[in-house]
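Q: Each chain, written out:
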Amino acid sequence: MPTTTIDGHVISIDNEGFLTDPDEWSEDLGKSLAAQIGVDLTDEHWRAIRFVRSDFVEQGETATLRRIGVVGGIPVKTMFALFPQKPAKKLAYVAGLPKPHGCV
Amino acid sequence: MKKVVVLGAGTAGTMVANKLRARLTDIAWTITVIDRDDVHHYQPGYLFIPFGHYTRQEVERPRRAQLKDGVHFVVAEVDRVNADTNTVELVGGDVIDYDFLVIASGTTPRPDQTEGMVGSQWRRSIFDFYTLDGAEALAQALKTFDRGQMVVHISEMPIKCPVAPLEFAFLADDWLRQRGLRDRVDLTFVTPLDAAFTQPVAAEFLGGMLEERKIHLVPDFMVERIDNELKALVSYDERQVPFDLLVTVPVNMGADFVGRSGLGDELNYVPVDKHTFLSVAHANVFAIGDACNAPASKAGSVAHFAVDIFVGNFLQYVKGLPMTGSFDGHANCFVESGDEKALLIDFNYETQPLPGRYPLPFIGPLSLLKPTRINHIGKLAFRHLYWNVLLPGHPLPLPSHMSMAGKHLPEEET
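Protein sequences appear in the order of chains C and U. In terms of this note's numbering, the first sequence opens at residue 584 and continues consecutively. In terms of this note's numbering, the second sequence opens at residue 110 and continues consecutively.
Chain U extracted, bound-state conformation (with noise of 0.2 Å):
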């Protein structure tokens, strides 16, 4: 008997160990599914909580009813991995072995990292919203908050859903619209990147799209501190930016246990060859989805696809096998605009997002790099195919691989 242990069941982790199940026998392979808790959260859900848009109800469930039966559930926390036994050691002294390994224990915010983020301000005057209780939080004074400076910040890449916080800044442009308290607010993006986003193309849709509400954009900037008296951002380069309201993106990181066992890098990711997620440092452990170092985004739908080219070359790995499969990097990411509609990207570590239509060329329907209401639609109704077809693993019509039909080159590439 062969035994494949994942630890977490989050996005991948979960389409992991069911895609697995649904390709190895029984009788061959047990496969072994360890998470802290038994609550499994739908995080794209969270942007809409401060808005009101969604509930708690909407975005939990128990991560036991999202696994397949045949798969085990432990709920543990991780203490550390021994690679060179190829066991894992659970916080409470039990340990479990393995014969492979898929770490996918994902990404946190980890507001301790930055010096005054967890003060006197904190759910106070500061905020995040890529917690689920940050989000509620939030939400409570969104309520109450009428005039002053908001900032959307980001204190270090890379953070998971990289276009998250400018959703949010978007959807506060709108929301204090709506309210008629937009001329009586400041509304600011603090950003560590030079532009709006990663990519030349789309940050500078992006940029334009943050210039036309006249949200101010403050790139390069590197938070050190955050001063809770002055209530203020202060770059390592001595620039201040107030505050009123903000809402951060704390640096993220992986889960410390992948630091104490000695497998992760500098941000406690796991180094892997970004094609196949097999580990640099052990033949037999992977690490996929936010867990890993690979120069992907750190979001769903980077997990969904690498998941698919991940498990048919499992199969092959452990028979001894070339793995075949080659993930390149595909993300594809609805992003809120305002006004109930949204973009779409979809890019990969080589091909940056284009303008065009999407999945299929000239008739999509969904429109890429554009503000469309069926965009809107598709991002909302993503929530269902999450729950009922993705987590599953059931397949979804869309190729692993992206595809350059339908996209369109800016003029002077061409």
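So here's chain C without its partners, still in its complex pose (with noise of 0.2 Å):
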């Protein structure tokens, strides 16, 4: 697995930038990760990563999108706002959780 340094923090990622050891983030990481890609986190933005992050503790697996709606309580239509285009990937790159696989 590479290695890369992003703002002073070394990091395991895979071949897309998705941290492979999600106890290797911190929220400053997040912060970094989030400059990464134009995202300005905002309270939203943090309560977003602080659902999924617990999430993924208590799952073992990225939230997605209905159940960071329906168990989360943020609707799918705020997480398109909160991170346009890609939801589900921009939020778990910035929580440093692995890529949410769509399900086979």
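To be clear, the hints were calculated from the coordinates, so they are not data collected in a lab. The beta carbon of each residue, even a glycine, is placed where N, CA and C say it ideally should be.
Per label pair, the in silico range of CB-to-CB distance: (1) C:D604 / U:P519: 19 to 29 Å; (2) C:K660 / U:D193: 34 to 44 Å; (3) U:H503 / C:Q619: 52 to 62 Å; (4) C:I620 / U:N497: 51 to 61 Å; (5) C:S615 / U:L518: 28 to 38 Å; (6) U:N393 / C:E641: 19 to 29 Å; (7) U:H391 / C:D606: 23 to 33 Å; (8) U:R165 / C:S609: 54 to 64 Å; (9) U:P404 / C:S637: 13 to 23 Å; (10) C:E610 / U:L518: 36 to 46 Å; (11) U:D221 / C:G656: 16 to 26 Å.
Here are some, though not all, of the chain U residues that point toward chain C, as calculated from beta-carbon distances under 7 Å: (12) D329; (13) Y345; (14) D346.
Taking the hints as your guide, dock the two standalone chains into a single complex.
A: Pasting the structure below:
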């Protein structure tokens, strides 16, 4: 697995840049990752990030948009406003979680 | 006397009941299967109905006739499962108790989950082909469709048989060409995924097949609603895809009774251990096939391989032994590509579909990730295997676990 350094954080990533070890993540790193994809983090972003982080600990998988809506209480429409175009993927990237596999 | 109750007599439930009946004695065990009706559908056949290749008679048989003697079959709607008291309440008030419960109630297209799908255009210019009624209605519509925008659309993943929408697009392209209509029809494939398919090598290959056929790909499209006046799909980020004929795959959800019983996740799928299908919440409840949340394809081939593993495990489990079988997510799917050819893909939780030969390395006779005529013949022949070998629980000479033998890794990974 390749490693990279972002704003002084040394992290292990996959081919697409997703963290391969969620434990290497910190809120500080989250801000840097968001900057990489041009997202300014607001409180609403953080609410989404914290939900998927804690849900991942329980479920062992990155939450889908539906799960973020139904369980996390953040509507899909809002997710598209927060993380335009590819919300599930961008959120996973910023939150240091594996790319959500679209389910085969 | 111990009691196994199986909810659902589809592909997984029927195989579970038949295979368990062969292995558990009549004296010690009763096996009861409950389903809401007595019609078993060969669902892979729906794909061919819009193009007039199959009829209703070829894809329907009584459920009861597929079950071995000694399996009790009850036609009833399940109201709820009380996992704390080990009982199943049926609509009408009857209660059935169990020692072990196997939930095999599948997944169902839910057009009601998308605003505007079941509106004025439903079954007029909006069709699904994941139900027999829908596939038949679409067959009628195709007879008079001769120009405009045909859109093939996936609402949300996961869906039953994730390759079927692509197959539909390939077959539609072929069908239109044969009628000399292809130049008058714009064909578009709209998906919430970021590519034609979920897995990289197959996505690239299948994406190339869309391109060759001039089928436009619209990725990353999460439908919010359907505008019936504009006749357009509208996404959450306000993009529109207009259609004259929409062939959509609605949101798929597990059975409502699963949700009512508090046994399901946000899509009514039962959370299970993905290797054994044991419920994470209840030690005497299993869920198998499309009804569970295992991250494998929702498809009959997965159910088939999964049931093989499950039965051996179940026999150990009821004796208090550790379950030694571990399901690897194996799926094996024929993908119709038009021109009377098909591809075959073979993959599991860890390994994406790769090119190669199957089931015998180098010999085949089937080819992986490559359209061939023999794959197509294999797909058509499968209907007979389904009714006569698979459902009765007879062994098919295919290993339950995926094998890397005969598969080629892409160059950058070798």
